[in-house]
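In order, the protein sequence lines correspond to chains V and X.
The first sequence runs 14 to 213 under my numbering.
The second sequence runs 2 to 557 under my numbering.
Heads up, a few of these hints could be off.
[To be verified] Rough simulated footprint, nothing fancy, chain V against chain X, three-plus residues with beta-carbon under 8 Å:
(1) 177-189
(2) 230-241
[Claimed, not checked] Far from chain X, by Cβ distances over 10 Å, these chain V residues were calculated:
(3) C46
(4) L61
(5) F102
Quick caveat, the hints were computed from the structure, so don't treat them as lab data.
C-beta: ideal position from N, C-alpha, C; glycine also.
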Amino acid sequence: MSSTPVPPASPSGAYGEGQHANHNLTGFIIFLCSESVIFLAFFSGYALLRLSALDWLPAGVDGLEWRMPLINTVVLVSSSFTMVVAEHFKGKGKIWLFRGFWLLTMAMGAYFLYGQAVEWSGLTFGFTSGTFGGTFYLLTGFHGLHVLTGILLMGLMLVKSFVPGNYAGGEEGVIATSLFWHFVDVIWIILFVLLYVWRA
Amino acid sequence: MTSTALSPEPPASWRRYFGFSTDAKVIGIQYIVVAFFFFLVGGLLAMIMRGELITPEADLVDRTVYNGLYTMHGTIMLFLFIFPVLNGLNNLLIPTMIGAPDMAFPRLNTAAFWLVPVFGILLIASFFVPSGPATSGWWSYPPVSLQNPLGHLINGEFLWVLAVALSGVSSIMGAVNFVTTILRMRAPGMGFFRMPVFCWTALAAQTLQLIGLPALTGGAVMLLLDLSVGTSFYRPEGGGDPVLYQHFFWFYSHPAVYVIILPVFGIFSELFPVYSRKPLFGYVYVCLASFIIVGLGLIVWVHHMFPSGVTQWMRNLFMVTTMLIAVPTGVKVFAWLGTMWNGKIRLTTPMLFCMGGLFNFVFAGITGIMLATVPIDIHVSNTYFVVGHFHYVIYGAAVMGVFAAIYHWFPKFTGRMPYEGLGKLHFLLTFVGANLNFLPMHPLGLMGMPRRVSSYDPEFAFWNVLASLGAFLLGVSIIPFLLNMISSWARGPRATHNPWNAIGLEWLLPSPPAEDNFGEHVPTVISRPYGYGTGEPLVEHQAEIERALTLQEANR
């Protein structure tokens, strides 16, 4: 060991600095796996309550209107594709095309939230209308919070794209945001099936 | 190895323990000290309960107060003592054992720690709200937990759910950090099968946290909505199902037992080889058994609900999976016995705590198998038999393992030796106290004494008096421990880098280690851990590193 000249020990954090971004992505993926369990808990709770219910729909409610949510679903699922396109352009170094498609993805996410708000305002049942109302608002509301978080994360990444040299060495934040967005998307597809497609 | 490789002295100011430090070793000690503060609070509540139970009549405290006492005792001991104290050990040991300078996310680590006093204060504050603290037991089953007779929005139950949710957030932050650190920051040459067993068990335990905790958090959110907003997820009158909450609760809270006991298995696996001077018997199997416990531990939760109206096929299935857990656990127990077999056993304080903990654990395992059996479980459910069983696990095994770890690694992180005499007195009082306290609970349970009652039939008096004496003895046992910790940290003999003659990366660091541990000079690991009696070096240039450390100690 004495044969290798050792530089004086630098202050903390010098070790593995180059890999630090990698740690961030690892940590984020672990977090996403954990986050998926909370949705799994809500899904199984919903299924259990629905299967054991005598009258699933409260009196005076005919069920859910599916046309508008279907449009919403198409928009949200397509936004995953526009996001892939954005990342493709980032990889090619075409930063303005990346920003354009990234912004389009954000806009589609915002449209989804708008559509969700319109749907909520037209409903005849509330949060306390039995387990039907409770699970509906809990599931869509909790998912909506994730959509909002995704849009905010994308906004942050968009702002960061204007910091010079930020994307030179590969930006882990963009990968993390896109993983999160695909995750939110997949959760919605399951939700759509559970809430709108599943008929009694 | 030049002397620059070993950073001289760490920043010595005691003030860093009171601030937002990002150093895992400071955070680790912060966790442990805060945890022991809450240990005293939770212990005091237990003393009051045992004081109440020393006579058959409800004479010391009001029945409602008694309900609050056991609820808060359980909640504090789990969420504010045992989880934080284990996270403290994780913080101290994981980076030093794998040769990392710090955790993967130091600031996340700080935030996770500082949430502990926040939800601790929130929970303690519930004693002072108009309707008093939560009174529905540490599991908070609806519909009992949904009763809010005074109608206050801020009530004990509300604060309880909030505190548990915050505890979950803190634990998830910790778990993401520990798992990332273990996966990505190991020293060169340290493959998974050269990793100390403590890191294996920590990885297993934190994996369980990541899988289980979100379910409890989801269930708790629904409980809070039922309590405060008026939804009816768990209210039968609105179509809800109270048993659904039990599923959410136990899907996490049974694995939580493994989150507690797995790191203690890790401690046993570290310490038995050191004090028996033999390699750990069946190292690979001990490592793998941890993950078999993770897998099985996730599919046993319904055994807590055998009397809750679950179908017969579920009872049968979960009885079998629960009994299967005994296999990987038995592998570990035999590995420890095999390690001690024909070893040169040194009965130091940490070794005594390990052996006592192992003894209690085997006893708890036997009653565990009894409880897994559906007919026995239905007979003794909600009696003192269950209380006795899990106190043997948590106090008899886990807390004793934690004490063993504290005595063993105290010199490494404080630079001072703990006193052996006080330590052995502490062990004796703890071992006798724990058995005197918890053993009588088994006959009480078989006789039919229900848990969570402040008055009982006079025929139960004899065993209750014994249990109460044991509880007070446990209360006394903490005095030599605190005396030992405070006085030996203040002026105990200076510790060398390896006072126990142990093998491991952490023992190749000065005591106490520098802030960034090995800094840039992380040794390359060349063999499996626990090479006791083989003469094999653990790392490259081990002799030079040890010579430099000894030289440094001679010069101070």
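Original post:
Would you say the segment 177-189 of chain X counts as covered by chain V, given the rule of at least 3 residues with C-beta under 8 Å?
Top reply: It holds, with 7 qualifying residues against the three required.
Practice item. Please settle this one: L61/V was flagged as non-interface, so is its CB more than 10 Å from every CB on chain X? Key: violated, 6 Å
Worksheet entry | Given as non-interface: C46/V, partner chain X, CB spacing beyond 10 Å | violated, 7 Å
* To do: Three residues minimum, CB to CB under 8 Å: does the segment 230-241 of chain X make the cut for coverage by chain V? Let me know.
  => holds (count 8)
Check: Hey, does F102/V actually stay past 10 Å from chain X on C-beta?
Finding: Nearest chain X Cβ is 30 Å from F102/V, so the label holds.
Checked against the numbered hints given earlier, the structure breaks hints 3 and 4 and satisfies all the rest.
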